[in-house]
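Trainee: In order, the protein sequence lines correspond to chains F and Y.
According to this note's numbering, the first sequence is numbered sequentially starting from 1.
According to this note's numbering, the second sequence is numbered sequentially starting from 1.
Note that these hints are calculated values from the structure, not bench results.
In this text, a Cβ means the ideal position worked out from N, Cα and C, and glycines have one as well.
Some clues are possibly wrong.
What the hints assert, rightly or not - Partial pick of chain F residues on the chain Y-facing surface, computed with a CB cut under 10 Å:
no., residue
1, E26
2, S44
3, W74
4, W90
5, V101
6, I149
7, A192
Claimed, not checked - Some chain Y residues near chain F, calculated using beta-carbon distances under 10 Å:
no., residue
8, V14
9, M21
10, A41
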Amino acid sequence: MSATTRPPDKPEKRSWTLFLRERAMESLPPEKLLADRQPSYVSSWIYVFGVLSLASLVVIILSGMILTLKGPAWWHFTGLGLFFNSIHLWAVELFFFVMVVHLWGKYWMASWRGGRVPTWITGAVTFLIAIPCALTGYVSQQNFDSQWISTQAKDAMNAAGIGSFFNLMNFGQMYSYHVLLLPVAVVALVIAHILLVRKTGVVPPFELSDSSGTAEPASGPAQ
Amino acid sequence: MAAAFNLNHPAHVVQWHFFTMSVSNLIVIFVMIVVFVLAIALPFPSHGKQEVES
């Protein structure tokens, strides 16, 4: 095999790492990825609930990791275990509470405007996946409450036709879903959601939109 | 120490035709609506930070 010289008009062969780097820098330059200034319209309480959801998720993940390391006997029968069990539960309750308010706020300001449909979709899918993530947690408690919930909810799963592969009476399966598969999906979607918000900017309120209804500024918070 | 609320009873439930929901769930939904309205209505504290005019 002999070495050949590339014709001058033919572009240099590009590696996938170069392609990925150029795309990433184009979509999310550092001043957008880690912006230090925000649009003036963000100064409203309704814009706080996204980051509150994120803060709740961080507490959920951290307390969940501690519970996973220590096990059911610890979280049921020791003072510190009960404390972290409660932290985990109430962080989940708070997560859903603020996520619903965040969802309402974004729905009523039509936050899919201005090329933000992927941001809206990743947020909505995150909400949908968080529901079975919580359900599998309730049935993983290892107490009478979890037995009650699993025996009640299995009928709903069977009625939906998914009971054969999503068996709420199978603790091992539910625990795997709860501590690995669904949290990974939620965290991955949340990361994508945040990167999309950084890319397209926070959606402006209606009065700042142009008459065509396509909300701008498209430059987002970093400009 | 006695619990602040006595939970040692079946949940109170609101039923209206096909609609069935526990009172605790209804309270949470009501509080979410109140928080949503307050988040829109209450002024946001300003710290004189540099902001971008859009």
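Trainee: Determine for every hint whether it applies to the structure shown.
Mentor: Against the structure, the hints:
1. E26: Result: violated, 22 Å to nearest chain Y Cβ.
2. S44: The hint holds - S44/F has a Cβ within 10 Å of chain Y, the shortest such distance being about 5 Å.
3. W74: Constraint on W74/F not satisfied, violated at 23 Å.
4. W90: W90/F check fails; min Cβ-Cβ to chain Y is 13 Å, beyond 10 Å.
5. V101: 5 Å, holds
6. I149: Hint on I149/F: violated, closest Cβ of chain Y at ~13 Å, above 10 Å.
7. A192: 25 Å, violated
8. V14: Violated, because the Cβ-Cβ distance from V14/Y to chain F comes to roughly 19 Å (cut-off 10 Å).
9. M21: Not OK, violated: M21/Y not within 10 Å of chain F, min 15 Å.
10. A41: Result: holds, 9 Å to nearest chain F Cβ.
The structure fails to meet hints 1, 3, 4, 6, 7, 8 and 9 from the earlier list, while all remaining hints are met.
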